[in-house]
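> Next come the chains, spelled out residue by residue.
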Amino acid sequence: MKDVAFGQYYPTKSFVHNLDPRLKILFLIAYIVAIFLAKNFVGLGCCLVVLALAIGFSRVPVLRVFKAIKGILFLIVFTTVLNLLFYNGETVYAEWWIFTITKEGIIFSAFLVIRLILLITCSSLLTYTTTPVALTDGIESLLFPLTLIRFPVRELAQIMSIALRYIPILIDETERIMNAQKARGANFESGGLISRVKAVIPVLIPLLLSSFRRAEELGDAMEARCYTGGRKRTKYKKLRFTWRDLIAFLLGAALIAGVVLLKVYLGATI
Amino acid sequence: MKAIEFENVSFSYEEGGAFAIKNLNFSVGEGEFLAVLGHNGSGKSTLARLANGLLEADGGTIRVFGEELTEKNLFEIRKQVGIVFQNPDNQTVASIVEDDIAFGAENIALPREDIGERIDFALKAVGMEAYRNATVSRLSGGQKQRVAIAGVLAVMPKVLILDESTAMLDPKGRREIIDCVTRLNREEGITVVLITHFMEEALRASRAIVMNRGEIVMQGTPEDIFERHEELLTYNLTLPLIGRICKDLRAGGLPVADTLDASSLAKEIALCVSKQSI
Chain A
0 MKDVAFGQYY PTKSFVHNLD PRLKILFLIA YIVAIFLAKN FVGLGCCLVV LALAIGFSRV
60 PVLRVFKAIK GILFLIVFTT VLNLLFYNGE TVYAEWWIFT ITKEGIIFSA FLVIRLILLI
120 TCSSLLTYTT TPVALTDGIE SLLFPLTLIR FPVRELAQIM SIALRYIPIL IDETERIMNA
180 QKARGANFES GGLISRVKAV IPVLIPLLLS SFRRAEELGD AMEARCYTGG RKRTKYKKLR
240 FTWRDLIAFL LGAALIAGVV LLKVYLGATI
Chain B
0 MKAIEFENVS FSYEEGGAFA IKNLNFSVGE GEFLAVLGHN GSGKSTLARL ANGLLEADGG
60 TIRVFGEELT EKNLFEIRKQ VGIVFQNPDN QTVASIVEDD IAFGAENIAL PREDIGERID
120 FALKAVGMEA YRNATVSRLS GGQKQRVAIA GVLAVMPKVL ILDESTAMLD PKGRREIIDC
180 VTRLNREEGI TVVLITHFME EALRASRAIV MNRGEIVMQG TPEDIFERHE ELLTYNLTLP
240 LIGRICKDLR AGGLPVADTL DASSLAKEIA LCVSKQSI
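Residue numbers (numbering that gives the first Met the number 0), protein chains in the order written: chain A, 0 to 269; chain B, 0 to 277.
Calculated from the structure, these hints are not laboratory results.
Remember, it's a predicted structure, so these values are computed and weren't measured experimentally.
Ideal Cβ positions, reconstructed from N, Cα and C, are used throughout, including at glycine.
Some chain A residues judged to face chain B by a derived CB distance under 10 Å, without partners named:
1. 212
2. 213
3. 219
4. 220
5. 235
List of simulated lysine to aspartate or glutamate pairs, EDC-like, C-alpha gap at most 16 Å:
6. A:231 x B:75
7. A:237 x B:112
8. A:236 x B:119
9. A:234 x B:112
10. B:78 x A:219
11. A:236 x B:113
12. A:234 x B:113
13. A:237 x B:113
The shape of chain A in the complex, shown without the other chains (with noise of 0.2 Å):
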């Protein structure tokens, strides 16, 4: 359960960390969008590169970082399978009953897999190198244009902040439940699907109750601590561009430029 790495602060001090959060979430959203624009090995290479150099720049450790992809290791596994299997491709490899393994299958599984471990790394890498308060505080600010419509921007962010700040604890009760549960004769391991969902219930109920409870007692400590949502308040820690972040922008703006032009130069693989 501890594996459950998403969404949870590395306090160290980097070059990564000093980033401006705006940027940093303009800079994973332009990664995505790279990621996906990328239709060549060389394209892919150049993402992974940096978000090698990104690790490396953040002082996160490398198998921290990679915890995250062990989240979603079923969900890559399965769908490299069903493509490996299934992709409709012309030189086949292998041919049995309703499956085909093709070449273009297992470049197109290949991608996938990159893709896929790319897309979890770097948004992870955000969580691990922004503290909830700065990553809300950066979408806040990104988000402001929409409070001219009358959006309530700012208590979304509040809302997205206390969600983050919840995970390590939800996460924590939901395995006081589950030994509650083991110690009373509860199996999650073994049995059919069917009966394993089962034996999820009798965890989400108490964890859905608790948070409930959680919810009313942080909002009677917040009103106590004179928070009413519409209210003018001020902000302690003030969001600012340094020449770190004018670096960081200029090395992403290259690489987005540079994968588009590899696409129109070099052609697609798939």
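Mind docking chain B on chain A? Use the hints.
Below, chain B alone, put in the same frame as chain A:
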């Protein structure tokens, strides 16, 4: 000057239901350290929530520093009366200590430079300066609760209500919190209302009240109240350990004087034993 004053205050959670607080009259003086004792469901938490406007009284008047609590001045009242709740995990809004402490100060729209000063003050007040940039979820229970106190202090309330804030902590964490609020009361002059069902904690207070079924049934200095242990038992409250030992010693034939302090009990025993051996 009275910090908080309740006049004939009543409250029930359901309309027409049983009263959680019934015709309550009591006050806390400025700079006082008041302990509110009572078993579960005696109405002591309701009292805290009423004092800071989280709940609205069905009848009666609540005054904070002479000013009547109404819908209009709710925000101003909350700046003056801070509450620390039971579960430290359910009152921190941010993952990093300083961000969480800043929350209250941001809510009252303080300028940025002042928020920094408030964080310095609050962290120092609870002795957590070294943890300014720590992740809240990695702290111990007592440390988390001290961060929660710091978060309330950042708004600079004149009254600090602790609503069973030590109930979920281990003995070490409990001592940390009680030491911390005792110091805040003595050094910063903050009025403290300590709601608890641990009798030992009430000893630090200058005055204590005992609640039962929404009413105040006993009041006086903690020592006075503990003298009346038979009466305490009828409200499902038991004496602090040292008090119980005194009683048992006397029942066993050692004539020690009543005390609630471990070292003075030791002296008492030594005195009695030396007298008997002569």
